[in-house]
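Enquirer: As a plain string of letters, each chain reads:
There are 2 protein chains.
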Amino acid sequence: MESVIRVNLEQMSYDIAIAPGSLEKLGELITPLQLGQKVLIVSNPEIFHHYGQRVITSVEKTGFEVACCTLPAGEPHKTLETLQKVYDLALEHRLERSATMIALGGGIVGDMTGFAASTWLRGINVVQVPTTLLAMVDASIGGKTGVNHPQGKNLIGAFHQPRKVIIDPLVLKTLPEREFRAGMAEVIKYGVIWDGELFTHLEQAQRLDQMQFIEPSLLQEILQRSCQSKAEVVSKDEKELGLRAILNYGHTIGHAVESLTGYTTVLHGEAVGIGMVAASRIAVKLGLWGEDCDRRQLALIEKAGLPTKLPTGLNIDDILTSLLTDKKVKNKKVRFILPTEIGVVTITDQVSSEVIREVLQGMF
Amino acid sequence: MESVIRVNLEQMSYDIAIAPGSLEKLGELITPLQLGQKVLIVSNPEIFHHYGQRVITSVEKTGFEVACCTLPAGEPHKTLETLQKVYDLALEHRLERSATMIALGGGIVGDMTGFAASTWLRGINVVQVPTTLLAMVDASIGGKTGVNHPQGKNLIGAFHQPRKVIIDPLVLKTLPEREFRAGMAEVIKYGVIWDGELFTHLEQAQRLDQMQFIEPSLLQEILQRSCQSKAEVVSKDEKELGLRAILNYGHTIGHAVESLTGYTTVLHGEAVGIGMVAASRIAVKLGLWGEDCDRRQLALIEKAGLPTKLPTGLNIDDILTSLLTDKKVKNKKVRFILPTEIGVVTITDQVSSEVIREVLQGMF
Chain V
1 MESVIRVNLE QMSYDIAIAP GSLEKLGELI TPLQLGQKVL IVSNPEIFHH
51 YGQRVITSVE KTGFEVACCT LPAGEPHKTL ETLQKVYDLA LEHRLERSAT
101 MIALGGGIVG DMTGFAASTW LRGINVVQVP TTLLAMVDAS IGGKTGVNHP
151 QGKNLIGAFH QPRKVIIDPL VLKTLPEREF RAGMAEVIKY GVIWDGELFT
201 HLEQAQRLDQ MQFIEPSLLQ EILQRSCQSK AEVVSKDEKE LGLRAILNYG
251 HTIGHAVESL TGYTTVLHGE AVGIGMVAAS RIAVKLGLWG EDCDRRQLAL
301 IEKAGLPTKL PTGLNIDDIL TSLLTDKKVK NKKVRFILPT EIGVVTITDQ
351 VSSEVIREVL QGMF
Chain B
1 MESVIRVNLE QMSYDIAIAP GSLEKLGELI TPLQLGQKVL IVSNPEIFHH
51 YGQRVITSVE KTGFEVACCT LPAGEPHKTL ETLQKVYDLA LEHRLERSAT
101 MIALGGGIVG DMTGFAASTW LRGINVVQVP TTLLAMVDAS IGGKTGVNHP
151 QGKNLIGAFH QPRKVIIDPL VLKTLPEREF RAGMAEVIKY GVIWDGELFT
201 HLEQAQRLDQ MQFIEPSLLQ EILQRSCQSK AEVVSKDEKE LGLRAILNYG
251 HTIGHAVESL TGYTTVLHGE AVGIGMVAAS RIAVKLGLWG EDCDRRQLAL
301 IEKAGLPTKL PTGLNIDDIL TSLLTDKKVK NKKVRFILPT EIGVVTITDQ
351 VSSEVIREVL QGMF
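Chains V and B are the protein sequences, given in the same order. Going by the UniProt record's numbering, the residue at position 59 of the first sequence is 59; the numbering climbs one at a time, nothing skipped. Going by the UniProt record's numbering, the residue at position 337 of the second sequence is 337; the numbering climbs one at a time, nothing skipped.
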């Protein structure tokens with residue numbers, strides 16, 4: 001089982017390679033890219049403990065000179081300050097402009113490594129090796145990189161496309177179940193916004209809440225269709241001038257929930273799941289799509305074992321205020337991605353705060 | 001007297017407008033760019049004291065909503081930490097993706113503001129309003145932005161082209177003489193690397209060491225020819241894959257001198273002047289150009305009142321080590337830009353450390 005998906009961005013095009021066991025072949029997989037000799041692997045302690053040596057061995061075997069760097073895990077560490085550690089190692093190992101950073105980890109490692117690579121010497125190579133479901137189907141593709149500002153997620157960042165994305169589904173075996181479910185939220189998202197067939201295949205699956213209950217062939221299909229969806233959208237709109245915004249389905253309310261809970265109690269994917277429930281309800285209220293579609297989406301989110309209610313203790317006024325600090329705000333109008341049928345969404349900034357409030361009140 | 005120079009970079013093309021009194025017209029000058037309503041002016045305390053109100057008045061008059069931010073002056077403050085202040089204000093004033101940062105100041109303000117604009121929400125607009133001669137003819141043009149790493153200048157940065165560069169030669173009246181002379185080093189650089197006619201016009205000038213002794217028409221020509229040189233080189237090679245490297249004439253040794261003196265005792269332009277003297281001597285030793293050209297360049301640097309010797313106390317081994325940490329190092333080979341005739345340079349990494357050592361020993 002092996003899939004290669006092309007992200008078409010002219011000179012910056014690249015492949016997403018999905019295959020069980022690709023971690024052991026990392027060196028061979030990056031050799032055709034004609035990278036410089038020096039490689040800096042950036043990871044977090046746990047992932048590095050599981051997979052670091054395997055990656056080092058593979059990359060060294062093909063002649064690269066390797067240095068490693070682990071960053072503390074968790075959103076609170078996704079800061080400019082933590083980034084300093086990567087810069088220090090880049091300097092210590094004298095990474096030149098032809099050098100490469102390999103991001104081995106989840107979305108946080110990927111975003112930070114991508115941003116470090118984007119800004120070190122005004123831009124060096126980065127290869128994304130995502131180890132969470134969420135990073136595989138979303139964060140590692142498309143070149144969005146960045147760190148958090150104390151008051152907002154990913155406010156500081158850059159667009160910096162990877163030279164390649166390498167996905168080994170086998171690493172998901174060590175992923176905590178809760179994180180697997182969180183990643184499934186983004187998979188469901190692609191079903192709603194882009195790939196209706198993926199949506200129905202997910203509906204046919206017996207379970208979606210644990211990796212062990214998913215057939216390897218279905219898992220491969222989930223990864224492939226999700227990456228394909230993201231690749232198609234990004235290829236059409238790299239810098240998020242239009243279409244790409246649909247990828248933020250569920251993220252408008254989702255970001256507010258994450259921000260107000262301090263990025264610690266609710267996982268990003270869980271927040272997106274909650275945000276999709278809210279967006280779907282808003283779409284129903286605006287007459288954009290029907291109760292039946294809303295129920296089908298809710299059923300999938302529940303099948304993935306994801307929360308569908310707002311965390312207790314959240315204040316609706318705080319959510320409304322937080323929406324206005326989102327990056328996507330334009331002329332003080334909050335932009336929503338709303339579904340119109342399975343596989344199709346629309347973008348609007350015409351949602352009144354009354355409607356938002358009403359929907360949120362029904363979600364406790 | 002008014003010059004407009006186009007920097008050709010496809011969709012990212014922009015104008016450099018040079019005219020006495022343009023500071024008062026800033027609002028009008030940026031209005032055609034169709035920027036969003038919010039503007040953040042970033043400056044340093046002294047420049048802001050002199051020109052801040054004038055700029056605010058002009059920009060507010062044309063309907064922009066203005067916030068201001070001053071950063072401490074000096075290379076030691078050109079850090080990620082200082083940048084945090086800009087991000088904090090960007091958040092406080094809710095700068096959206098259509099918003100604009102205006103860099104009102106010298107090279108440090110321009111580099112930092114450009115980098116902040118490049119990374120805030122993954123990229124917002126920046127307008128460069130340089131207030132030093134050096135920033136006018138060099139730093140404000142071409143999109144190089146960044147901050148220093150404790151162990152190296154501009155190691156962290158991005159390419160981010162401004163939407164416009166606005167140069168008002170009258171602001172040079174408040175520029176300290178020493179900084180004016182430092183800027184003249186970059187002007188002489190353009191004469192050596194690109195515009196031989198500029199070089200001979202500089203030779204014909206009575207004095208180059210103080211603004212008050214330079215005719216307004218010559219000053220306008222100096223600014224225009226220098227900006228034109230930079231614009232032509234950058235248009236041909238935005239990302240420094242080849243040609244653009246010639247702009248680093250004098251910077252190889254120059255950066256080492258700055259770095260080893262802690263970025264405090266030697267100004268950037270002064271270091272570049274010293275670096276040009278060294279590069280010229282290396283070129284003589286390699287038989288690339290003659291003693292006569294070397295003397296003519298030295299005479300110009302002296303006429304500009306710039307130092308032509310290495311600072312006392314510098315150790316030659318330290319300089320050689322420092323050369324290897326420069327961004328431009330490739331495969332551990334130091335790259336030099338060396339003149340071959342007035343207006344023409346060549347790029348080489350074939351300079352032995354013996355030759356470098358010999359030249360540097362003659363410069364105390």
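Hints were generated in silico from the structure; no laboratory data involved. Don't take every hint at face value.
Think about it this way: if two alpha-carbon atoms lie no more than 20 Å apart in a straight line, the pair counts; the simulated PhoX-like pairs of lysine-lysine are [to be verified]:
| hint | chain 1 | residue 1 | chain 2 | residue 2 |
| --- | --- | --- | --- | --- |
| 1 | B | Lys333 | V | Lys38 |
| 2 | B | Lys239 | V | Lys239 |
| 3 | V | Lys25 | V | Lys38 |
| 4 | B | Lys38 | V | Lys333 |
Remember, it's a predicted structure, so these values are computed and weren't measured experimentally.
Enquirer: Determine for every hint whether it applies to the structure shown.
Expert: Hint check results:
1. Lys333/B - Lys38/V: holds, 15 Å
2. Lys239/B - Lys239/V: holds, 19 Å
3. Lys25/V - Lys38/V: Holds, at about 18 Å.
4. Lys38/B - Lys333/V: Answer holds: lysine 38/B to lysine 333/V is near 15 Å, not above 20 Å.
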